[in-house]
Amino acid sequence: MLNKISSFFKKIWSFFKNNNSLLSSIISIGVGLVFGLIIMIIISFFTEDASIFDAFAGVGRLIIGPFSSGSARSLLSNFGDVIFYSVPLIMTGLSVAIAYKTGLFNIGAAGQYVMGTIGCLLVALYLPTTNRFSGILVWLLAFLAGAALGAIWGMIPGILKALFNINEVIICIMTNWIAANICTWLFTNCTSIISKENTKSAFLMKAYAAGNYTPKLGLDKIFNGSYIDMGIFLAIAIAIVIFIILNKTTFGYELKACGSNREASRYAGLNEKKNIILSMAIAGALAGMGACFYYLNSTEFKYSSQYASLPAYGFNGIASAFLANCHPIGIIFSSIFIRWINNGGEFLTGVGFNRYIADIVVAVIIYLAGFTRFVSELIVKYRKRKEKEVSRIDGKVIEYNPVKDGPKQEEPVDEKDKEPNPEAKEEVTSNG
Amino acid sequence: MDNLLLILQKTLIYAIPLLIVALGGCFAERSGIINLALEGEMIFGAFIGALCVRMFQGADGYLLAHPQLMFLVALLISGISGAIFSLLLSFASVKLKADQTIAGTALNLLAPAIFVTICLAFFNQEKLVMLDIPKYAIKNSELPFILAIFFDKAYLSTFVCIALFVVLSIWLYKSKVGMHLRACGEHPQAANSVGINVFKMRYLGTTISGFLAGVGGYAFIAASAAGTAESSVGGMGFLALAIMIFGNWNPVGIALGALLFGFLKCVGPLSGQIDFFKNLGLPIYFYNIIPYLIVIIVLIISRKKSGCPKAEGQPYDKGQR
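Here the protein sequences come in this chain order: Y and A.
Take 1 as the starting number for the first sequence in the numbering used here and just add one per residue.
Take 1 as the starting number for the second sequence in the numbering used here and just add one per residue.
What the hints contain is simulated information worked out from the structure, not anything from laboratory work.
Note that the structure is predicted; figures quoted are calculated from it, not measured.
Yeah, the Cβ is synthetic: ideal placement off N, Cα and C, and Gly gets one too.
Careful: at least some of the hints might be erroneous.
To be verified - Covered stretches of chain A (chain Y as the covering partner; in silico rule of three or more C-beta atoms under 8 Å from a C-beta of chain Y):
#1 200-206
#2 270-281
As the list claims (entries may be wrong) - In silico negatives: residues of chain Y with every beta carbon more than 10 Å from chain A:
#3 Gly30
#4 Pro128
#5 Ile232
Could you build all of it, start to finish, from the sequences and the hints given here?
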């Protein structure tokens with residue numbers, strides 16, 4: 001039993017030790033927090049609200065996130081909110097990631113998210129619901145409508161890229177703004193579904209009529225007073241599905257082949273045009289689903305800005321995707337992490353700083369996450385030097401032995417080399 | 001006629017930042033670096049520029065008596081701070097061979113965060129308002145039509161940016177360094193084999209790009225936003241990136257694209273003031289969508305060989321030579 005446990009921990013340890021991209025992510029998080037500390041110290045010199053000690057307290061609050069809130073009650077509700085707000089981020093992150101694996105840069109997640117908003121809100125607010133059952137049905141329809149509109153919006157750059165070879169970035173930027181304008185146009189005119197609180201800057205509308213909201217599964221009882229619903233489980237399930245599609249199916253392999261070398265994949269007989277369009281459609285659907293998870297929530301009024309503007313979720317999705325090195329499972333953690341730090345940032349006012357310092361920390365972490373390659377190279381170099389030292393000691397031992405036995409003695413050394421084998425791992429991570 | 005003049009003047013004001021920032025994007029991409037951080041560089045440049053102007057306006061000095069000189073100094077400061085900010089991108093993508101899209105995205109997040117943090121810490125508000133609104137450099141209502149577009153109600157930034165645009169475009173294509181820079185975007189290995197320092201050229205391209213983005217950022221807040229710097233420039237940086245792709249990575253194309261887009265973009269907000277559009281009775285959102293739609297349509301019709309630099313986005317690896 002004890003053996004099993006220890007071998008389990010050894011496995012985890014070796015996973016951490018050998019996964020260079022994970023290690024470098026952790027290093028960049030540490031450096032990002034130190035950078036935040038330095039900025040807070042500098043600010044504390046110039047303002048009277050905070051002292052140097054407050055700067056350390058501030059970093060502490062960033063690290064513990066929702067735990068910075070004093071009472072257990074508000075801790076739970078904050079924690080629930082962190083989870084809830086990270087769900088759309090997971091979806092837009094997945095959207096960026098799957099397009100990136102196909103060699104496309106989906107900067108249009110924001111527009112697809114807006115189209116998802118239109119789809120889900122129109123269906124959810126227009127269709128009549130009488131009881132909880134029809135509510136679930138309407139919820140499902142609204143969800144599908146949001147995903148479908150997002151998929152259509154994602155397909156536009158995909159089709160133009162595949163058929164006319166037009167750079168997807170420009171089409172994505174253009175479709176983003178078209179979507180933002182369509183959204184505002186529609187909601188300005190749909191006076192029947194918009195409640196009276198149509199303020200100057202935002203439409204306020206209740207996304208649920210008779211229970212057409214994302215089921216809560218009792219989570220609202222645990223995390224009392226937060227927005228949380230079962231969206232997080234669905235998002236995790238979707239992330240796992242994307243992971244399986246990308247890594248275990250022929251289709252996913254084709255997408256990745258198309259991403260790493262388009263010409264070669266065409267030469268190999270793959271239909272690269274179909275793959276581009278499908279990948280963008282899936283990416284669009286994912287971003288649309290993100291909007292559905294956000295707006296089909298029961299607790300509160302949700303708003304959509306009245307000025308034709310783009311949601312921050314679309315661009316933050318890029319950040320969460322790249323922080324996780326475009327790994328679908330990693331995106332779950334990176335999204336929750338970003339929201340976690342942001343939530344901790346909201347408690348910074350308590351020690352005399354403003355919450356945007358959390359944004360600086362997140363930005364620095366993402367900036368450093370780009371150095372994955374460089375940091376892994378450093379780690380590999382460090383390991384090699386260490387191994388050299390070890391083998392030098394081993395070599396001395398070998399020298400004392402008779403010459404004939406030399407090769408036999410070297411075998412265990414080879415095996416030792418195999419186990420960590422950082423170089424082979426490095427190849428895999430830098431490709432992926 | 002007055003309406004047309006109004007639209008054309010607004011077009012110029014709107015198109016100038018796009019033009020100069022898109023040229024900045026062109027410089028970076030021609031040297032082989034995808035500069036996704038244009039938006040962040042604009043915000044950062046505009047922020048430092050506005051901060052300095054506020055300081056000049058608060059203190060009693062030589063610049064206070066000469067607002068146009070102050071405008072020029074602010075443009076220069078914005079450009080330099082944009083260039084310094086862009087060093088973060090070039091350091092990451094040239095020296096450390098980081099993924100350029102990640103570094104760019106991070107800088108786009110970093111710039112507004114720094115902006116708001118400092119503004120809140122020192123001014124207790126989320127935007128930075130200059131004490132005095134930037135004034136027109138020339139105001140002359142008696143000029144004939146064509147001249148009036150340029151020389152009536154014109155900001156200094158218009159002339160500075162046009163001059164910068166022309167000079168730098170010619171420099172990029174006709175000078176030795178400019179040609180070296182473009183070679184690094186097309187085939188860095190070949191460029192290096194004839195003795196061009198690829199790293200140096202890429203640093204140069206990105207730094208010029210950051211400088212132009214900073215200048216564009218200040219031109220935007222001075223002319224379009226009435227001297228108020230905010231933590232966003234309304235997606236201007238991304239639009240400039242789009243204009244650069246629309247212009248096929250080519251200054252002439254960029255100029256045409258920026259003017260066309262600026263013109264179409266200005267019709268929307270002014271449609272309420274002009275009788276012709278008023279009579280059509282279409283909602284403003286319709287006009288707002290048109291410029292984006294037309295860009296897509298033009299791209300579909302005029303699809304030619306992409307002028308995209310071949311080595312764009314790839315870190316230079318000497319070993320591949």
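Checked hints:
no. : hint    : verdict
1   : 200-206 : violated (count 0)
2   : 270-281 : violated (count 0)
3   : Gly30   : 16 Å, holds
4   : Pro128  : 28 Å, holds
5   : Ile232  : 24 Å, holds
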